[in-house]
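Protein chains in written order, with this note's numbering: chain B, 1 to 244; chain X, 245 to 462.
One thing to keep in mind: the hints can contain errors.
Capping the alpha-carbon separation at 25 Å, the derived lysine to any residue pairs in SDA-like fashion look like this [claimed, not checked]: (1) K397(X) - A146(B); (2) K397(X) - P151(B); (3) K397(X) - D150(B); (4) K12(B) - A147(B); (5) K397(X) - R238(B); (6) K397(X) - V26(B); (7) K397(X) - A147(B); (8) K397(X) - K12(B); (9) K397(X) - A143(B); (10) K12(B) - V26(B); (11) K397(X) - R231(B); (12) K397(X) - V160(B).
Computed spacing ranges between beta-carbons, pair by pair [claimed, not checked]: (13) W5(B) - R254(X): 38 to 44 Å; (14) G432(X) - F42(B): 49 to 55 Å; (15) G432(X) - E18(B): 57 to 63 Å; (16) L287(X) - W124(B): 42 to 48 Å; (17) A447(X) - R243(B): 38 to 44 Å; (18) E18(B) - K397(X): 34 to 40 Å; (19) T120(B) - Q284(X): 52 to 58 Å; (20) P328(X) - V75(B): 34 to 40 Å; (21) R251(X) - Q115(B): 52 to 58 Å; (22) L230(B) - R251(X): 40 to 46 Å; (23) P328(X) - W5(B): 54 to 60 Å; (24) I291(X) - R231(B): 20 to 26 Å.
These are calculated hints, taken from the structure and not from any lab test.
Quick caveat, the model's predicted, so the values are computed rather than measured.
Here a beta-carbon is modelled for each residue, glycine too, at the ideal position from N, C-alpha and C.
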Amino acid sequence: MASIWEYANPVKFLRTSEKVLPVLWVLAGACLVIGLIWGFFFTPDDYRQGSTVKIIYLHVPAALMAINAWLMMLVASLIWLVRRHHVSALAAKAAAPVGVTMTLIALVTGAIWGQPMWGTWWAWDPRLTSFLILFLFYLGYMALWAAIEDPDSAADLTSVLCLVGSVFAVLSRYAVLFWNQGLHQGASLSLDKEENVADVFYLPLLVCIAGFVLLFLALVLYRTGTEIRLRRTQALIRREAARA
Amino acid sequence: MRALLLRDLRLAFRAGGGFGLGLAFFLIVTVLVPFSVGPQSELLTRIAPGVLWLGALLACLLSLDRLLALDWEDGTLDLLATAPVPLEGALSVKALAHWLVTGLPLVFAAPVLGVLLNLAPAGYLWLVISLAVGTPALSVIGAFGAALTVGIKRGGLLLSLLVLPLYVPTLIFGAEVARRGAQGLEVGTPLLMLAGITFGVAALMPFASATVLRMNLR
Chain B
1 MASIWEYANP
11 VKFLRTSEKV
21 LPVLWVLAGA
31 CLVIGLIWGF
41 FFTPDDYRQG
51 STVKIIYLHV
61 PAALMAINAW
71 LMMLVASLIW
81 LVRRHHVSAL
91 AAKAAAPVGV
101 TMTLIALVTG
111 AIWGQPMWGT
121 WWAWDPRLTS
131 FLILFLFYLG
141 YMALWAAIED
151 PDSAADLTSV
161 LCLVGSVFAV
171 LSRYAVLFWN
181 QGLHQGASLS
191 LDKEENVADV
201 FYLPLLVCIA
211 GFVLLFLALV
221 LYRTGTEIRL
231 RRTQALIRRE
241 AARA
Chain X
245 MRALLLRDLR
255 LAFRAGGGFG
265 LGLAFFLIVT
275 VLVPFSVGPQ
285 SELLTRIAPG
295 VLWLGALLAC
305 LLSLDRLLAL
315 DWEDGTLDLL
325 ATAPVPLEGA
335 LSVKALAHWL
345 VTGLPLVFAA
355 PVLGVLLNLA
365 PAGYLWLVIS
375 LAVGTPALSV
385 IGAFGAALTV
395 GIKRGGLLLS
405 LLVLPLYVPT
415 LIFGAEVARR
425 GAQGLEVGTP
435 LLMLAGITFG
445 VAALMPFASA
455 TVLRMNLR
């Protein structure tokens, strides 16, 4: 069995991801189509929330991926700092815009649901606030990438920012919990709890989550490939310029 | 290291600007608040601790880009990086100097501005204590942001964007101490958390700051 570090070689990474990507796109599309149609049209309305409950098929998977994207960036940043694999740094860079989009989807769908249910678009609830802070972290991370010209030092600095930001993100999570006990319902998908969402909602939700995970993987692989090619093009241009 | 501290302090005093800027900004923000929310004294009493903390935070933020930028331009940082003093230590000293020049004056100015905002009598002591305990954390975290963006031209806006989310926990606990103090509630828990943040970042953050500064100097 090949070691995972072989994929630190950009050529190998590109070759494999080109093989994997079509499968991922199809699977992600299938899961999303099945999960969303099943969720939107073939599940009953909730007895208290009515049909608004159906927004969880977008809200929950997006929120999940918003956090997991940051975790993935954290791992990729660590790998870059320790082992100096360029693919890793580029993968972290590629994941950030996807992560920020997921965060935005979670915030917006939450607001759309909250308006009829809580009677407000926004409340300074711990979960909402944490997500807003996460959103700011994503923006700062992307802005720092964009602001530095030298790609290697940009990768270094953003990686350290990602590590420090992670610590502060966790700290903020508990700080806002202390600051305001919220309105948001508790965890509804825990494996170790009795009280979860009802089974009729549970299965399509799982399919949707699988779809979002696959979509995230496909987008990150695709965008990482683009970043690698971009880096290579820039190197070529520089070489040409040096020769001329 | 003492020489570095004295040098930074002397520069801040003699060059002017940096020292008064934070204070003036703090004063202006606080004075403008009653104009924007109205002069009802009960309302002002209620929001005074939070407004004072926010004003202090923004005043601190305003002066961050001067923390390293001048030394970066004239090459002092390159000398510091090769000096026998570890860069972590040098950055801690620079953060300390920044706090003495911006944070400490805010601590002393806050009670005076508290009068303008009709702060509850019980709140003055806790406001001063919370600012004295919390503002060092703002300087230390700010030094990290400054080290991160020092190589970027006109990095001021970026610096604010990067540092503001890092300030959230400090602001929450600091303002909570001041608020509870003003309402005569028990302040132990948030005060301990605030002190924990300050000591924690003072101990660990210089390592991160020195790491990114070395990356920038490379």
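Which numbered hints fail: 4, 6, 8, 13, 16, 17, 19, 23 and 24
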